[in-house]
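> So you can see what is in the structure, the chains are spelled out below.
2 protein chains.
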Amino acid sequence: MSCIIDPLRISDEATLAAIARDEQIAVGKLAAGVRAGEIVVFGRADGPVRPLGIGAGLRTKINANLGTSPDFPDVQEELRKLEAAVTMGADTVMDLSTGGDLDAVRRAMREQCPVTLGTVPIYQAAVEAQERFSSTDKMTADHIFEVIERQAQDGIDFMTLHCAVTHGSVAALDSSPRVGGIVSRGGSMLANWMAANHQENPLYEQYDRLLEILAKYGVAASLGDGLRPGAVADASDLGQIAEMRVQGELVLAAREAGVQVFVEGPGHMPLDQIVGIVLLHKQLGHNAPLYVLGPLVTDVAPGYDHITAAIGGTLCAAAGADYLCYVTPAEHIGLPDERDVIEGVVASRIAAHAADVVKGVPGAAEWDDKMSAARRHLDWERMAELALDPGTVRTRRNERGTLDAKACSMCGKFCSIKIDLARPAAAGTKD
Amino acid sequence: MSCIIDPLRISDEATLAAIARDEQIAVGKLAAGVRAGEIVVFGRADGPVRPLGIGAGLRTKINANLGTSPDFPDVQEELRKLEAAVTMGADTVMDLSTGGDLDAVRRAMREQCPVTLGTVPIYQAAVEAQERFSSTDKMTADHIFEVIERQAQDGIDFMTLHCAVTHGSVAALDSSPRVGGIVSRGGSMLANWMAANHQENPLYEQYDRLLEILAKYGVAASLGDGLRPGAVADASDLGQIAEMRVQGELVLAAREAGVQVFVEGPGHMPLDQIVGIVLLHKQLGHNAPLYVLGPLVTDVAPGYDHITAAIGGTLCAAAGADYLCYVTPAEHIGLPDERDVIEGVVASRIAAHAADVVKGVPGAAEWDDKMSAARRHLDWERMAELALDPGTVRTRRNERGTLDAKACSMCGKFCSIKIDLARPAAAGTKD
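Chains as they are written, first to last, in our numbering: chain S, 79 to 509; chain C, 79 to 509.
It cannot be assumed that every hint is accurate.
[Unchecked claim] Derived DSS-like pairs: lysine-lysine, alpha-carbon spacing no greater than 30 Å straight-line:
#, chain 1, residue 1, chain 2, residue 2
1, S, LYS216, C, LYS496
2, C, LYS216, S, LYS484
3, S, LYS448, S, LYS496
4, C, LYS484, S, LYS216
5, S, LYS496, C, LYS216
6, S, LYS496, S, LYS484
7, C, LYS107, C, LYS491
8, C, LYS448, C, LYS491
9, C, LYS484, C, LYS496
10, S, LYS360, S, LYS107
11, S, LYS294, S, LYS107
12, C, LYS294, C, LYS360
13, S, LYS491, S, LYS448
14, S, LYS491, C, LYS216
15, S, LYS216, C, LYS491
Treat the hints as calculated values from the structure; they're not laboratory data.
Next up, chain S with everything else stripped away, as it sits in the complex (with noise of 0.2 Å):
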């Protein structure tokens, strides 16, 4: 397939050098994922913006969505939010936001924020059409290109754009009816955009309009899953395939373009359809990067969201998804907070580490088996160094302190590491 993204046009030689280092991959073989189209890369090592690179062969990533909605428009508690979700070991954050001043929100993340910023331009179209003229089927084609520029100018990495939801694919949808209908907020503002002014969506039918502004700004498009299913029931269905299917062609076109691109979906999955689903992505998307939300691998537990997504995000990432959109506990009843930040980005870490250690990623698996031999020595400190959120192993073991200190507070001295340790032809251990 033709293709020319140019590594070194998007990025620079000290930036890929320092994203192939913290892989500890070849610099090479960055730069060929890079020019495939099946890495995309971000930041600059003499920039604000760490370097980062997302795909194939890489470090499972992942992002944290945040942003301000309606009822809750306050940006200093989303800026409270990004400095944990990235202390906590986010890779990306999004800026959701649908409340206050957006542009004003938008700017004061992308200035506090170390990472990867990514946006979702059609919700400050909706917002401010909405403003203006009462109801979001008002905005204009116009209108959302300049929301667009506007957001590129600001520096935003990159932008799901749900350019996939076409007249197409909507009848696709259309056509076997759905438990959960459209759950995602764009796919559900554009097929109603489309349906009320009898018009092919513009991110589509203008998408050479829209990579030019991609091209002239650096910015990424992740090609959003508008119809992705929000129920278990609707996974694999006509209209989530369909859209699939678009993104693919749209792929090939942004590459042309010079554009970095990636492919977002599945949505609730069961457990039984994840692996096919996301070789199918990659099969129809060119390879592309699969940025992936959950998935949910059953729609019952409301409030423990980050664990129905972190099993569903752990298959898809052994299957060969490369980045992880974090659910928090929040999902299905409100906006996190900060708590709910905490163990969405925590949840998605172990998701994305657990299929790190069997997809080889080097230094995974590695990883695990220090910490291992830290619980055979019974090292507390070195333990609580070694995990994934240290903080909370200091502060629980300090909560439950221990009578014997080499032990925990569970066994005491019962404790089967010190009862092997003692075990006259005790087992050699391989540290």
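Add chain C to chain S, keeping to what the hints say.
Here is chain C on its own, set in the frame of chain S:
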């Protein structure tokens, strides 16, 4: 294979009927499963312990481990945790106490526990040997059997018995050095005792004597996995496989003696070994029900091991495991508190249910469909009612009170469902 488990000797018609009704299967199918040793049953329709079946074709069950420790010997705290575990939906509970008056704790738990209750008698034998002789190596075989009979007399439903920790399986373990050694408390106690006393494991050497006690009191045997890996790096090693082979022999002998039996496994496991190890457990274990811990798919997340275990547990159950032991956020840190118990039960229930959806367990997918329909109708009370943890949904929604009672505080008036429902050509919904 020969097998003499007579459903009407270990249970009764009313109990079998109650279990079959609860599982939405034919009572003949249930009885056939019991007869084949592929299902175990507990409780009585007319007794204080709820009827329960575990095994092939049934809903995946979950267990909550409770019990005092030397540092936290308070029975009242354990009784509070027992109530929380049962309220949140634990199908069974195990009393793993090692602190305080163990007989009194166990009897109090049996008295107040409305569900199947299991124990690990070797803990009490070891604690008593420690108290009397200051060494768990001073246990005698007679003392171990006396403890088993004492616990059986109290009406315990099943016991974890590490009969397969033999000279042979420990030699296999020692032949292949581990990162993590032996991490099962019972396994380490027995292996150490065997080495110190130059004797075979009495639970293996005098297995007939053990079966006689179990048969007399109608107690089921849960064949412990004393050599399970406690580090992802140690998964599927020689020690683990050797123990699985011995478990298999012991399954057949238990069935011959009319004792219900199931098998425990497999500990920490990287994602890509889970399906294989479950199938091997079923194969070597002559299709006895499989009771799994976790398995934990990474070692690096202490403080969040309910999540690492839920990921592994889902895969295990989908591959055929029948019964998941919960893991709490306190795992690898200390004794769980009441909040940990709740988090552990919920995470395990998510894993069990996500697997049941794809195992085709009657009623499982229907539950998800009902939730998805409630979401489509923005029926918040119904969503809470259907949630795995209704209390948390109600509390959290109230905390994040929203200005639009039909939507939630994440999207407010930009709710995708509201927008999609307003779409002129909106997709039909299935309900």
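> Find the hints from earlier in the document that the structure breaks and name them by number, from lowest to highest.
7
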